[in-house]
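One letter stands for each residue in the lines below.
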Amino acid sequence: MAEPVDRDRWRAIEDVLDGVLDLPADERSGYLDEACAGDADLRAEVESLLEAHDEAGDYLEVPAASLESALAASYRPGQHIGPYRLVREIGRGGLGLVYLAVDTRLGRQVALKLLPSSRTADSQARARFQREARAASALDHPNICTIYEMGESDAGDPYIAMAHVLGESLSDRIARGPLPLSDAVDIAVQTARGLAYAHEHGIVHRDVKPANLIVTPEGQVEIVDFGLAKGRGAPTLTRAGVTPGTVAYMSPEQIRGEAVDHRTDIWALGVVLYEMITGRAPFRGEDDQSRTYAILNQDPEPLTALRAGVPLALEPVLAKVLAKDPERRYQHVDELPVDLRNALAKRTGVIPGAAGSARKRVGPGALALVLAGAVLGTVLTSLVLGPMGRGAEPGAPSSIHLSVGLPPGQELAGSIFRRFALSPDGRVLVYAARENGQQRLHVRPLDRAESRAIPGTENARDPFFSPDGRWVGFFAEEELRKVPLEGGAPLKICDAPTETSRGASWGPDGTIILPLGQLSGLFRVSDSGGIPERLTVPGGGSGTSGHFFPQILPDGRTVLFTIWKGGAWSTAVLQLDTGEWEEVAQGCAAAHYLATGHVVCADMGGVWPTGTLLAAPFDPRRPALSGSFVSLSGSSGLGEFDFATSRTGTLVYATGGSGIGKTAAVWVDRAGRSTPLEGSADGYLTPSVSPDGRQAVATRIVEAGREELWLHDLENGTAAQLSAASGISNLPVWSPDGERILFKLSSLPSRNLPAAARSECHGDPAAASWRAHPGAGLVLRRRTHPGLHRVEQPDAGRSLDPIPGRRLRHAAAAVTGERTVTRILTRRTLAGLCL
Amino acid sequence: MQNPESITRLLQGLRDGRSAAMEGLIQAVYEELRRTARRELARRRTGDTLDTSALVHEAYLKLAGSDHASWNDRAHFFAVAATAMRQIIVDDARRRKAAKHGGALQRITLDERRLMPEEHAEELVALDEALDRLAELNARLSQVVDCRFFAGLTVPETAEVMGCSARTVDRDWKKAKAWLYRELSGG
Numbered sequence: 029m030a031e032p033v034d035r036d037r038w039r040a041i042e043d044v045l046d047g048v049l050d051l052p053a054d055e056r057s058g059y060l061d062e063a064c065a066g067d068a069d070l071r072a073e074v075e076s077l078l079e080a081h082d083e084a085g086d087y088l089e090v091p092a093a094s095l096e097s098a099l100a101a102s103y104r105p106g107q108h109i110g111p112y113r114l115v116r117e118i119g120r121g122g123l124g125l126v127y128l129a130v131d132t133r134l135g136r137q138v139a140l141k142l143l144p145s146s147r148t149a150d151s152q153a154r155a156r157f158q159r160e161a162r163a164a165s166a167l168d169h170p171n172i173c174t175i176y177e178m179g180e181s182d183a184g185d186p187y188i189a190m191a192h193v194l195g196e197s198l199s200d201r202i203a204r205g206p207l208p209l210s211d212a213v214d215i216a217v218q219t220a221r222g223l224a225y226a227h228e229h230g231i232v233h234r235d236v237k238p239a240n241l242i243v244t245p246e247g248q249v250e251i252v253d254f255g256l257a258k259g260r261g262a263p264t265l266t267r268a269g270v271t272p273g274t275v276a277y278m279s280p281e282q283i284r285g286e287a288v289d290h291r292t293d294i295w296a297l298g299v300v301l302y303e304m305i306t307g308r309a310p311f312r313g314e315d316d317q318s319r320t321y322a323i324l325n326q327d328p329e330p331l332t333a334l335r336a337g338v339p340l341a342l343e344p345v346l347a348k349v350l351a352k353d354p355e356r357r358y359q360h361v362d363e364l365p366v367d368l369r370n371a372l373a374k375r376t377g378v379i380p381g382a383a384g385s386a387r388k389r390v391g392p393g394a395l396a397l398v399l400a401g402a403v404l405g406t407v408l409t410s411l412v413l414g415p416m417g418r419g420a421e422p423g424a425p426s427s428i429h430l431s432v433g434l435p436p437g438q439e440l441a442g443s444i445f446r447r448f449a450l451s452p453d454g455r456v457l458v459y460a461a462r463e464n465g466q467q468r469l470h471v472r473p474l475d476r477a478e479s480r481a482i483p484g485t486e487n488a489r490d491p492f493f494s495p496d497g498r499w500v501g502f503f504a505e506e507e508l509r510k511v512p513l514e515g516g517a518p519l520k521i522c523d524a525p526t527e528t529s530r531g532a533s534w535g536p537d538g539t540i541i542l543p544l545g546q547l548s549g550l551f552r553v554s555d556s557g558g559i560p561e562r563l564t565v566p567g568g569g570s571g572t573s574g575h576f577f578p579q580i581l582p583d584g585r586t587v588l589f590t591i592w593k594g595g596a597w598s599t600a601v602l603q604l605d606t607g608e609w610e611e612v613a614q615g616c617a618a619a620h621y622l623a624t625g626h627v628v629c630a631d632m633g634g635v636w637p638t639g640t641l642l643a644a645p646f647d648p649r650r651p652a653l654s655g656s657f658v659s660l661s662g663s664s665g666l667g668e669f670d671f672a673t674s675r676t677g678t679l680v681y682a683t684g685g686s687g688i689g690k691t692a693a694v695w696v697d698r699a700g701r702s703t704p705l706e707g708s709a710d711g712y713l714t715p716s717v718s719p720d721g722r723q724a725v726a727t728r729i730v731e732a733g734r735e736e737l738w739l740h741d742l743e744n745g746t747a748a749q750l751s752a753a754s755g756i757s758n759l760p761v762w763s764p765d766g767e768r769i770l771f772k773l774s775s776l777p778s779r780n781l782p783a784a785a786r787s788e789c790h791g792d793p794a795a796a797s798w799r800a801h802p803g804a805g806l807v808l809r810r811r812t813h814p815g816l817h818r819v820e821q822p823d824a825g826r827s828l829d830p831i832p833g834r835r836l837r838h839a840a841a842a843v844t845g846e847r848t849v850t851r852i853l854t855r856r857t858l859a860g861l862c863l
Numbered sequence: 002m003q004n005p006e007s008i009t010r011l012l013q014g015l016r017d018g019r020s021a022a023m024e025g026l027i028q029a030v031y032e033e034l035r036r037t038a039r040r041e042l043a044r045r046r047t048g049d050t051l052d053t054s055a056l057v058h059e060a061y062l063k064l065a066g067s068d069h070a071s072w073n074d075r076a077h078f079f080a081v082a083a084t085a086m087r088q089i090i091v092d093d094a095r096r097r098k099a100a101k102h103g104g105a106l107q108r109i110t111l112d113e114r115r116l117m118p119e120e121h122a123e124e125l126v127a128l129d130e131a132l133d134r135l136a137e138l139n140a141r142l143s144q145v146v147d148c149r150f151f152a153g154l155t156v157p158e159t160a161e162v163m164g165c166s167a168r169t170v171d172r173d174w175k176k177a178k179a180w181l182y183r184e185l186s187g188g
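Going down the list, the protein sequences come from chains B and P. Counting with this note's numbering, you get residues 29 to 863 for the letters of the first sequence. Counting with this note's numbering, you get residues 2 to 188 for the letters of the second sequence.
Hints should not be assumed to be uniformly reliable.
Residues of chain B placed beyond 12 Å of chain P at every Cβ, according to the derived structure [claimed, not checked]:
#1 R35
#2 E89
#3 S654
FRET-style restraints, in silico, Cβ to Cβ [what the hints assert, rightly or not]:
#4 P/E32 to B/Q137: 45 to 51 Å
#5 B/R133 to P/P157: 19 to 25 Å
#6 B/T244 to P/E32: 49 to 55 Å
#7 P/G164 to B/H229: 51 to 57 Å
Just so you know, the hints here were simulated from the structure itself, not pulled from any lab data. On a predicted model such as this, the values are computed, not experimentally measured, just so you know. Ideal placement from N, C-alpha and C gives every residue a C-beta, glycine not left out.
Work out the full structure, taking the sequences as your base and the hints as a guide.
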């Protein structure tokens, strides 16, 4: 790794730092304006160091090697600390020393925890410590070790007196080997209860780990050290208060140094549970760096691959506890006991043959359903399928095509599927569309030319019909609602997150089935309202997964739905009577069953639809495909995939729906007129013009999962593919000198390509990869593959030159000048541009 | 085997500008600190770690205290001792790292076992490397870290050792910490 600055530059940086370090925060900016006038690099560097300084806190403040001994040297058995007499040392850890002590006032034995004063050296930290300890002392729960009081020794070391629990720490217990399954689940359940209680009271533990869980001889779990951990991210070196080695239990957000909430405890509990069951850590590595990488990027080996007799049903529960994105984790720890107990009760689950051959895989990351790009005009095409006997080839059904254009100014709204619905009789279309910035449902009888907005459906999405065709259900304002088609006020059915809605279906008996949350399972709720009841838990192995786009089949007992798992789509059938489901087709999504005896679904290439609709004969009684898929609509490249069906066999699909592949690179002048970039085609994204204005580089989406970099000579209008790099290359940016282009490269297995590449930029803002650097090029941060890649422009297409980086954690960079790569590591600077 | 007399001679040589003396001096102090550390650890209960500051002071008393070393010599000594202490701690960390990860199986003698908490090994080695890079930018910043963090000296003590004001030490310490924190920060 090149040094970011040379001595002279560093001297300049130090000079500014010297001036600014002692200033109060609100005066710093003004000082920097003056001191760094005209030198954005200098300012960025100083700001980055200032931020590091502010975050560093007591980093390195406790001298090497003296951290524990200094404290130990101060205290001896027999000594009095406040009202307590020390009996003997019973433990020590990152937080300090624990003595068995006697409260001389009550004659009661307590565990007295002494914390080094250096840890709470500044008054702010001290105040925070006291506040948190006091809050924790108010907790009264059988699974939380009671805190009696806190105080300060004569030497100024804070202490905490707590119940002296007789028992064994879970870490000692695990050291003897994996626990019986029922014990492991029981301990996890008890811990979850204690945590749930604390979370309800607004207290996050932040350092849940086996060493902080004491199991009494009666099997009671006591959580200790509540609210004491500072939960800081790396580096941990001799930072009192963070036990070295706890990186193993840190959540991804904790590692990234982001704000931490109760979901971090949920993650840690998942790590503990995994360890109890398998006897080993889920995220392993030779050192903290590789463990950190594993936590951020890898899925643990399935439990079932490591231990026989583990119910398969435990996998999805654990996968959800250990979801990298806290939004996809269990949101409340009290949801866990039920799921754990249920999973254990289902010990009959079949262990897949693949057990034991589990492989590491890069997490698929966010499912990017938010589509970018202008919609160039949406046309709904209605295709009426003629009668097709079951088992017959559906390749040449008698069909009528008719196009129904949306009224000018309207564009479909929602996610990729289920933006419109057909009434069961196939006569009425309801669609969610945006018009003048207002998103509503519109109704359009197919035999008429006009549509009307349905009142009371502001911000509605994912419409679906009642079996009698008189009501329309939809998601809006964080609720599932229904509205009479003929007019009337919408009614709430249940709470449901709107942003992540993925279709719903209304069965003949008045049951509505819907997915709740982005990567949750399917739920059932009565159309008259109530609390949704869970039907499925996505998973059954490692990897992010979700269940979407349900369709209740005419029998009312079978549900066709879509599984998103590990970057791939499939279609599955759920039996409501047994709660069991199985996959019936791979690589297709949003399946509809038609009364003609067919299943129609969207062909998926990786994450994105290929634009082809597929149909295959389907036997709802087995239920399984009874023939192979044929293409129903001609493939038109990207963007044609959303569709709806009626019970009678009418199929409506949208063309030009997504805008993928429809974005073009254009010049826009100051008057707002645009002209296409010469030599470019559709599917252009993220163009970047060279500093001298002579060339431009842009990402070209060739097809789903394939993105290339193209270099355009703006003077003579020629273009050439820039990089021969395999995999997805995108987000190019020029160095200030115009000599280099930095870009993002993914070379993952093809199936995961789109997911992995997009997840870095869509969805999780913490994983934001790119940011414009003031006065420079761009910050590149890559999680999936270490290191940076650089293309020397004169050797365009040939030289793929990894920029040497000593370690992964250095994988953030900005082009700042000749052969200089500067690391920008702080949160604030990384949170930026993410298109 | 060094004795106080030869240390004083080495310090004398250092002051005279014979920089070749530095290496020998560090080696001598290194050996003495290690001896002191072993003896200290043997005396203490198992599980205790060392107070480096006490260690350095004690080594100084033994090596130089009996002599009429000038104030300047004392400062030199501590500066050297701080560097030596860093070497001891980082060497120890490297050895631990190698042992832990199944590298060459090295025997670690019992009395050295608890010189540093084992879990810090990785970060100490990384810190050591980072400090070398920092020294290229400004050697003083790196030395302040040697004194403050590795030798456990206070700010006034460090100021004496380095022959500058406490305020300068304080500033350098802040800058060094910020730089190292950023350098070694995972996120």
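Consistency of the hints with the structure:
| no. | hint | result |
| --- | --- | --- |
| 1 | R35 | violated (6 Å) |
| 2 | E89 | violated (8 Å) |
| 3 | S654 | holds (53 Å) |
| 4 | P/E32 to B/Q137: 45 to 51 Å | holds (47 Å) |
| 5 | B/R133 to P/P157: 19 to 25 Å | violated (41 Å) |
| 6 | B/T244 to P/E32: 49 to 55 Å | holds (50 Å) |
| 7 | P/G164 to B/H229: 51 to 57 Å | holds (54 Å) |
Hints 1, 2 and 5 from the earlier list are contradicted by this structure; the remaining hints agree with it.
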